[in-house]
Amino acid sequence: MEQYHNHNTKHTASFIIAGLFLLLAALLFGLAAASEYAFPGLWRNTFSFEKLRPLHVSSAVFWIILAAMGSVLSFLQQHREEKLKYGFLVKWQFFMFLFSFTAILISYCFGIFGGREYWEFHPVFSVFIAAGWGIFMIVFLSNVKTLKQQPVYVWMWFTGVLFFLFTYIESNLWLIPALRNDLIKDMTVQWKSYGSMVGSWNMLIYGSSVFLMDKIAGNKKYSFSTIAFALYFLGLFNLMFNWGHHIYTLPTQPYVKHIGYAVSMTELFIFGRIIYLWRSSLSTARKNFHIIPFKFLAAADAWIFLTLGLAIAMSVPALNVYMHGTHTVVAHTMGATIGINSMLLLAFAYDIIPQTNAFKKQINRGYLLLNSSLAVFWLTLIIAGFIKSYRQFTEPQFAYGDMMKSLHPWFYVFFISGCFLAAAFFMVILPLFKGLKRG
Amino acid sequence: MISFRYKLFLLVTLSAAFLSYSALLYFADSKETQPANALAQKGKMLWQQKNCTACHQLYGLGGHLGPDLTNVYATRTEEHITTYLKYGSPVMPDYNLSAEEQTALLEFLKYVNTTGVAHPASFLKHTNGTISQP
Chain A
1 MEQYHNHNTK HTASFIIAGL FLLLAALLFG LAAASEYAFP GLWRNTFSFE
51 KLRPLHVSSA VFWIILAAMG SVLSFLQQHR EEKLKYGFLV KWQFFMFLFS
101 FTAILISYCF GIFGGREYWE FHPVFSVFIA AGWGIFMIVF LSNVKTLKQQ
151 PVYVWMWFTG VLFFLFTYIE SNLWLIPALR NDLIKDMTVQ WKSYGSMVGS
201 WNMLIYGSSV FLMDKIAGNK KYSFSTIAFA LYFLGLFNLM FNWGHHIYTL
251 PTQPYVKHIG YAVSMTELFI FGRIIYLWRS SLSTARKNFH IIPFKFLAAA
301 DAWIFLTLGL AIAMSVPALN VYMHGTHTVV AHTMGATIGI NSMLLLAFAY
351 DIIPQTNAFK KQINRGYLLL NSSLAVFWLT LIIAGFIKSY RQFTEPQFAY
401 GDMMKSLHPW FYVFFISGCF LAAAFFMVIL PLFKGLKRG
Chain B
440 MISFRYKLFL LVTLSAAFLS YSALLYFADS KETQPANALA QKGKMLWQQK
490 NCTACHQLYG LGGHLGPDLT NVYATRTEEH ITTYLKYGSP VMPDYNLSAE
540 EQTALLEFLK YVNTTGVAHP ASFLKHTNGT ISQP
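In order, the protein sequence lines correspond to chains A and B. Residue 330 in my numbering is what sits at position 330 of the first sequence, and the numbering runs on without skipping anything. If you want my numbering, it's the 1-based position in the second sequence plus 439.
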């Protein structure tokens with residue numbers, strides 16, 4: 001594989017490095033939070049779950065956002081084959097995010113919350129994040145002046161950059177009292193913004209993965225093809241309209257649910273295409289599996305298949321009621337954030353940070369452990385979800401404490417597989433830090 | 440290959456549809472429920488500031504360490520709820536809430552209960568895959 005590096009990748013690589021530190025933090029906080037399931041009340045009087053959970057979730061989300069931005073900036077340079085314009089703004093962008101992410105994590109330790117699920121921090125920090133994103137947008141748009149004759153990945157980045165800012169601002173609309181005091185409307189808008197926001201960062205990440213695939217293939221045939229654009233528009237359509245599947249049980253306007261249901265079913269096309277192409281995907285995988293970034297791309301492909309399958313099942317309202325509010329949803333989130341997002345981001349990291357063959361064995365072992373422990377982790381959550389669901393449907397007045405007790409053995413498995421998962425991440429991340437030292 | 444003009448047309452049309460849909464949702468009334476009263480509004484802010492969502496769900500959305508509280512006001516007595524607010528549980532922390540804060544949170548949970556029913560078993564399931572409240 002040609003390793004393209006230009007002299008400016010260094011400060012875009014800092015996004016990846018800072019992101020990797022956040023990933024490590026997410027793993028540590030995640031283990032601490034998971035131990036609260038295995039050993040209930042463990043942290044109650046010292047560092048309770050309402051602190052541990054946001055520390056874990058925000059570190060994970062910030063890892064994804066930072067590394068996604070880093071991949072876009074690095075690959076954009078490679079795409080343009082010249083230094084980024086407004087490089088000094090990139091530094092501002094980096095420090096704006098680094099400052100706000102650090103401040104947010106510290107504020108959690110002091111029990112300061114805005115208290116919205118997933119974005120639990122105080123709304124003051126939203127200003128810095130939005131400003132940082134604004135700078136990113138300026139840098140991006142001034143380096144991509146037009147969409148004309150651009151490959152699909154530039155369209156995807158463009159969409160991700162714009163829609164993230166929109167949905168992020170939307171997720172702060174609860175600050176308007178008229179909106180927040182109507183609980184149903186508040187939750188509808190909240191989940192509308194979250195659904196599209198995840199779609200937005202996926203546009204950045206999937207865009208980068210198309211770029212990297214092309215780079216490995218050595219041509220840009222795919223990113224100008226009709227099918228690539230057809231899939232992009234299908235993805236965009238889903239980003240905009242499929243979010244209703246998060247709130248089928250919320251008594252909001254019925255059309256929200258019908259639109260969410262109908263639009264989500266168009267993802268069957270993507271699912272069908274993966275099945276249809278599995279043979280050729282497998283032979284491409286055999287050919288390129290020795291390339292480290294490709295390995296992670298291939299793992300992400302497998303997780304896309306599993307996660308999408310589960311997501312489509314959850315998008316049918318009559319099946320959704322059996323899974324909504326249970327650990328099956330957590331399994332889906334973990335499949336998406338670890339199996340898909342983190343695998344892809346690691347692929348980018350391995351492309352952006354130069355590697356020698358010195359750690360090949362360790363990376364291979366880590367890679368195997370990562371995927372196998374994630375599989376156990378994922379399955380355990382699905383099993384726990386099914387048990388919770390079964391009890392909810394068969395014992396209408398079930399005692400919550402009893403149900404948690406019956407899940408206990410699964411929480412042990414969940415915690416132990418989580419430990420292996422964290423160890424595996426360490427194994428695959430460490431060579432990146434060492435590579436950086438050499439680079 | 441799809442022409443640039445066609446791609447741009449698709450992007451603009453989809454975005455316009457998205458923005459219209461967004462505006463519709465911001466301004467549409469969800470008429471079925473009354474907005475929260477002042478005390479419940481205070482309770483909602485406390486709910487957020489104390490990050491109760493980390494462990495509890497409303498309408499199945501939220502954490503998994505504690506139970507869904509959408510209809511706790513209907514299924515438990517006020518005394519029962521207040522006891523938890525006062526002392527927590529072996530897992531739920533004791534927030535040292537003042538009497539005023541406890542009343543506000545109780546009023547919020549009372550309000551949430553008026554907005555609908557969350558228990559998954561209460562939904563009617565239809566053969567076309569949709570569901571509805573009974």
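One or more hints might be untrue.
So these bits of chain A aren't anywhere near chain B, every CB distance computed over 10 Å [to be verified]:
no., residue
1, V189
2, K192
3, Y248
4, P251
5, R273
6, S406
Label-pair ranges, simulated between beta-carbon atoms [to be verified]:
no., chain 1, residue 1, chain 2, residue 2, range
7, A, F95, B, L447, 29 to 37 Å
8, B, L458, A, F110, 22 to 30 Å
9, A, P396, B, F466, 34 to 42 Å
10, B, F466, A, S280, 31 to 39 Å
11, B, S459, A, G401, 41 to 49 Å
Cut-off 30 Å, straight-line C-alpha distance, at most; resulting in silico cross-link-like pairs (BS3-like, lysine-lysine) [said to hold, decoys possible]:
no., chain 1, residue 1, chain 2, residue 2
12, B, K549, A, K405
13, A, K405, B, K481
14, B, K549, A, K215
15, A, K85, B, K446
Simulated from the structure, these hints should not be mistaken for laboratory data. The beta-carbon is built from N, C-alpha and C at its ideal position, and this holds for glycine as well.
Checked against the structure, which of the hints given earlier come out wrong?
1, 2, 3, 4, 8, 10, 13 and 14
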